[in-house]
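Engineer: Take 3 as the starting number for the sequence shown in my numbering and just add one per residue.
FYI, nobody ran anything at the bench for these hints, they're computed from the structure.
Please note: incorrect hints may appear among the correct ones.
[As the list claims (entries may be wrong)] Just the calculated beta-carbon pair ranges, DEER-fashion: (1) H18 / D95: 19 to 25 Å; (2) L136 / L14: 33 to 39 Å; (3) H94 / R13: 27 to 33 Å; (4) H18 / F89: 30 to 36 Å; (5) G32 / D113: 17 to 23 Å; (6) G47 / F89: 38 to 44 Å; (7) F89 / Q130: 16 to 22 Å; (8) E118 / Q74: 38 to 44 Å; (9) E49 / F72: 21 to 27 Å; (10) P70 / T116: 24 to 30 Å; (11) P17 / A88: 40 to 46 Å.
Please read these numbers as outputs of a predicted model, since none were measured by experiment.
Beta carbons: idealized from backbone N, C-alpha and C, even for Gly.
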Amino acid sequence: MAVFSEADLDRLAAPHVARAWFLAADLPTGMARFHNGVGRVVAGGYEWRGVTDPVGGQLVSLSNIEEPRFGQAVAVQVTLSGANLAFFRSMHDNARDIEGRSADVYWAAFDGETAEVLIEPKRLFRGQFSAPALSWGGIGIR
3 MAVFSEADLD
13 RLAAPHVARA
23 WFLAADLPTG
33 MARFHNGVGR
43 VVAGGYEWRG
53 VTDPVGGQLV
63 SLSNIEEPRF
73 GQAVAVQVTL
83 SGANLAFFRS
93 MHDNARDIEG
103 RSADVYWAAF
113 DGETAEVLIE
123 PKRLFRGQFS
133 APALSWGGIG
143 IR
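Please construct the entire structure, taking both the sequences and the accompanying hints into account.
Structural biologist: What follows is the structure in structure tokens.
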């Protein structure tokens with residue numbers, strides 16, 4: 003079964019296509035939906051909250067989803083830079099409760115000029131959280 007239909011491929015040929023990544027996360031506080039941009043977006047019937055704040059120095063990156071070796075799980079690493087101390091404390095306090103919960107990664111396309119949804123979010127990766135890894139790289143890098 004193909005991930006993209008012929009209609010999707012036609013939409014991807016539009017002149018101003020922007021892509022976005024989405025994460026549906028089963029957190030201890032309930033289901034949360036995030037996207038890697040700024041602000042709130044309604045797509046696929048849900049409201050997704052942006053986690054990027056360029057002014058505040060908070061950026062999100064997503065690693066490539068690579069083919070696993072035999073006996074190894076497929077993995078994708080989501081990195082949030084510029085996290086504040088309150089976020090660090092929250093992750094530290096809830097790390098064991100987060101581990102093993104569902105974390106599905108979606109992809110969608112938008113018209114870069116009008117912000118119209120061209121392709122609704124498509125689940126590309128069904129996964130589970132491993133324990134979050136927290137790292138400090140200096141006063142402003144974490």
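Engineer: Look at each hint and say if it fits the structure.
Structural biologist: Hints versus structure:
In this structure the hint that H18 and D95 lie 19 to 25 Å apart at CB is violated, the actual value being about 43 Å. Our hint of 33 to 39 Å for L136 and L14 holds, since their Cβ atoms are close to 37 Å apart. Restraint check, H94 to R13: a C-beta distance of roughly 42 Å breaks the suggested window 27 to 33 Å. Between H18 and F89 the C-beta distance comes to about 33 Å, which sits within the given range of 30 to 36 Å.
Under the hint 17 to 23 Å, the C-beta atoms of G32 and D113, about 31 Å apart, miss the expected range. Here the CB-CB span from G47 to F89 is close to 28 Å, at odds with the stated 38 to 44 Å. For the pair F89 and Q130, the beta carbons lie near 21 Å from each other, so the given range of 16 to 22 Å is met. Against the hinted window of 38 to 44 Å, the Cβ-Cβ separation of E118 and Q74 comes to about 39 Å, which satisfies the hint.
Taking the beta carbon of each, E49 and F72 are about 40 Å apart, not inside 21 to 27 Å as hinted. In this structure, P70 and T116 break the distance hint of 24 to 30 Å, their C-beta atoms being roughly 39 Å apart. Against the hinted window of 40 to 46 Å, the Cβ-Cβ separation of P17 and A88 comes to about 42 Å, which satisfies the hint.
Checked against the numbered hints given earlier, this structure breaks hints 1, 3, 5, 6, 9 and 10; the rest are met.
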